[in-house]
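Enquirer: Listed below, chain by chain, are the residues.
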Amino acid sequence: MTTPETLNGPADKDAAATAVSGTAAEAPADAVRLTGISKTYGSFTAVHPLDLTVPAGSFFALLGASGCGKTTTLRMIAGLEDPSSGSVRLGGADVTALPPYKRPVNTVFQNYALFPHLDVFENVAFGLRRRGIKSVKKQVAEMLDLVQLGALARRKPHQLSGGQQQRVAVARALINQPQVLLLDEPLGALDLKLRRQMQLELKRIQTEVGITFIHVTHDQEEAMTMADTVAVMNAGRVEQMGAPADLYENPASTFVANFLGTSNLIETEVLGADGDTLTLGAAGERLTLPAARCRPDVTAGGRVLAGVRPEKITLAHADDADAIPAGRNQVRGTIVDSSFIGVSTQFVIDSPVCPELEVFVPNVERDGRLLPGAPVVLHWNPEHTFGLDAAQDIDAGTDTDTDAESGTASAGGGAA
Amino acid sequence: MSAATAPVAGPAPLPDPAAPAPLPAALKKAARRRRAVPYLLLLAGVAWLLVFFVAPMVYQASTSVQTGSLDEGFKVTWHFSTYWDAFDAYWPQFVKSLVYSGIATVLCLGIGYPLAYTIAFRAGRWRNLVLILVIAPFFTSFLIRTLAWETILADESPLVHFLNTIHLLDVTSALGITEGDRVMATPLAVVCGLTYNFLPFMILPLYTSLERVDGRLHEAAGDLYATPFTTFRKVTFPLSMPGVVAGTLLTFIPASGDYINAELLGSTNQKMIGSVIQSQFLRVLDYPTAAALSFILMAVILAIVMVYVRRAGTEELV
Chain H
1 MTTPETLNGP ADKDAAATAV SGTAAEAPAD AVRLTGISKT YGSFTAVHPL
51 DLTVPAGSFF ALLGASGCGK TTTLRMIAGL EDPSSGSVRL GGADVTALPP
101 YKRPVNTVFQ NYALFPHLDV FENVAFGLRR RGIKSVKKQV AEMLDLVQLG
151 ALARRKPHQL SGGQQQRVAV ARALINQPQV LLLDEPLGAL DLKLRRQMQL
201 ELKRIQTEVG ITFIHVTHDQ EEAMTMADTV AVMNAGRVEQ MGAPADLYEN
251 PASTFVANFL GTSNLIETEV LGADGDTLTL GAAGERLTLP AARCRPDVTA
301 GGRVLAGVRP EKITLAHADD ADAIPAGRNQ VRGTIVDSSF IGVSTQFVID
351 SPVCPELEVF VPNVERDGRL LPGAPVVLHW NPEHTFGLDA AQDIDAGTDT
401 DTDAESGTAS AGGGAA
Chain G
1 MSAATAPVAG PAPLPDPAAP APLPAALKKA ARRRRAVPYL LLLAGVAWLL
51 VFFVAPMVYQ ASTSVQTGSL DEGFKVTWHF STYWDAFDAY WPQFVKSLVY
101 SGIATVLCLG IGYPLAYTIA FRAGRWRNLV LILVIAPFFT SFLIRTLAWE
151 TILADESPLV HFLNTIHLLD VTSALGITEG DRVMATPLAV VCGLTYNFLP
201 FMILPLYTSL ERVDGRLHEA AGDLYATPFT TFRKVTFPLS MPGVVAGTLL
251 TFIPASGDYI NAELLGSTNQ KMIGSVIQSQ FLRVLDYPTA AALSFILMAV
301 ILAIVMVYVR RAGTEELV
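One line per chain: the protein sequences are H and G, in this order. Each residue of the first sequence is one higher than the one before, starting from 1 at the first, in UniProt numbering. Each residue of the second sequence is one higher than the one before, starting from 1 at the first, in UniProt numbering.
Any given hint could be a false lead.
[Unchecked claim] Derived contacts from chain H toward chain G, CB cut-off under 10 Å, selection only:
{"#": "1", "residue": "L80"}
{"#": "2", "residue": "A169"}
{"#": "3", "residue": "N176"}
[Stated by the list, open to error] Computed beta-carbon distance windows for the label pairs:
{"#": "4", "chain 1": "G", "residue 1": "E211", "chain 2": "H", "residue 2": "K156", "range": "19 to 29 Å"}
{"#": "5", "chain 1": "G", "residue 1": "T67", "chain 2": "H", "residue 2": "K156", "range": "53 to 63 Å"}
{"#": "6", "chain 1": "G", "residue 1": "T227", "chain 2": "H", "residue 2": "Q159", "range": "24 to 34 Å"}
{"#": "7", "chain 1": "H", "residue 1": "G42", "chain 2": "G", "residue 2": "G215", "range": "18 to 28 Å"}
Just so you know, these hints were derived from the structure itself, not from any lab. All of these numbers come straight from a predicted model, not from anything done at the bench. Note that the Cβ used here is the ideal one computed from N, Cα and C, for glycine as well.
All chains, full assembly: derive it from the sequences and hints.
Expert: What follows is the structure in structure tokens.
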């Protein structure tokens, strides 16, 4: 269980991708610094002016649904796309005007883009040879060992499986010891099992070589598993940036709350603000929200979205309502649906405060009374409640690809 | 279709797996019919080749070892020395043919590659229009196109006048590819005609192979420190090699046997081997020599092509 101490307050509120230019003086510590960078195609804005700082040696993920501008951002770092405004700095040096072949970054492309006429060895040696290095044999052999492809050095790309091609692409980029390695959805073409395996392998390689990785993905689970820092992008903007567990526990917007795992968002009215806690009301129920976990500044009478993750909620049959400890947030409802998925059972609850509340109950001691139609009480530690600005679209980020909700839930919970 | 559906209509009872039942007759018949299909499909093509390729070849081969005259009739006397005599008499024309068509092929490659590259990677929405323009000359006949070059290169034409004004023809004449202030009836005119007439045969295969090169490979090469020129040298060009080989063969082979360009744009000094064969067949009526020359030309081209394809195919590309 997460303790309140590990839940940082909204101190990270402004960490959401707002590296102010005033701090540019201490640039050398940062592998990449984007300042006011944007990209427009005609009247379409792919990337709104954004500031982004990636610390050296980190595994950084740009996460978002397709078309959110994450790949465009990556391509601007690589130099494959000219920004419409702003600047790109790599390790303190301004490279905005440099062509790709003069930038100390390398890319692992989405479809790998291996040279079909060259064998694995020559593909990997390509970057070294272009920089005039003559004796590449030892380096290439070492790199192929790192990605466990030593035996296949003389194969052509089309003779390799998807996973092997992917590793060649990684080796081909890494051998140049770039300041930053850019990965553009590198695992997108692999099947689920191989993807998991490659996630761990990439993480291992990153730890081993210590190079800064910037990883673009639409798979929130992948981003959370691999990255130290995740920037969630939506419609050409960075919505929030932070450590995976931090993003999961303290989403700053409804998009992040819904896109990373799932959240129950309840529309409430602020009944009273009492120092550290806010009292919220919704359909006759009263909820407590620590003031520190409420994003917007609200006063009594204002509106706020109270959020809670499905796995934080405990489900009790209405008959046992008296046994619920005092001081917990409680909501009444009726079970609409339940689905057993192994590690947990997912319940959908119809409640006066929200017609579709989700609850994940670990399958430890199953209560036989918890069947569709049963009256229940949902209760949770108020510390797990977060408050979001009620002016946002409550459904933002829900209709995007979230293929592994349960996995996310356990990953997020475990990391905290 | 009927061959495929026949087995389905076959026996209903399941055969005993331990003792495989003999194939029912209907099934056997269907299998036989299925095996026959590829041969049936080949029939028309094979017949065509037999009648219009193999038979004339055999006929010409026999002609080349005949002796006699048109009046007395030709007889097969296994007179192989015709080959040597023909080669001995006309080797300069062989050399000229290969040199002219070789130069024309190189020029076609030089002109065609940048064009094909531009169409494949840069033309955008103009791509189809430019391709049509490349093919457009085919709407007129080969002969008429070559006759047009007679006008373009005529002594009194503006082009030749201009070339004389800038004294370029002095240079080319010194190099021996033109004569005096003329372009017509010089090697330059023949090579110009050949280049023009065979250019589309170069551009189209080049375009096809370049168009298949994934543009993302250019990005990948750039990302791996290759300048645009290195990217071309190490990625684009090697990947377009099939088009280069196909284009040069499609240009060189017909160009080296061509006689229209030499006849219309050249003089007797620029006779190519095609002209010789043509006049041996149709004017001198010395069929054995003409046939022998044809076979020598074929053998020479075959040898050159084999050496070329082997080299281009196995060349270390990095």
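Enquirer: Hey, does the H:N176 contact hint survive, CB to chain G under 10 Å?
Expert: With Cβ-Cβ at 7 Å, under 10 Å, it holds.
Enquirer: Is it true that G:T67 and H:K156 lie within 53 to 63 Å of each other by Cβ?
Expert: 56 Å, holds
Enquirer: With 19 to 29 Å as the target window, see if G:E211 and H:K156 comply at their CB atoms.
Expert: 21 Å, holds
Enquirer: When you take the CB atoms of H:G42 and G:G215, is the distance between them in 18 to 28 Å?
Expert: Taking Cβ atoms as reference, H:G42 and G:G215 lie about 21 Å apart, which means the hint holds.
Enquirer: How about H:A169: closest beta carbon in chain G under 10 Å, or not?
Expert: Holds, because the Cβ-Cβ distance from H:A169 to chain G comes to roughly 9 Å (cut-off 10 Å).
Enquirer: Honestly, do G:T227 and H:Q159 meet the 24 to 34 Å range at C-beta?
Expert: For G:T227 and H:Q159 the Cβ distance comes to about 30 Å; the hint holds.
Enquirer: Hint check: is the beta carbon of H:L80 less than 10 Å from a beta carbon of chain G?
Expert: Hint on H:L80: holds, closest Cβ of chain G at ~5 Å, below 10 Å.
Checked against the numbered hints given earlier, this structure breaks none of them.
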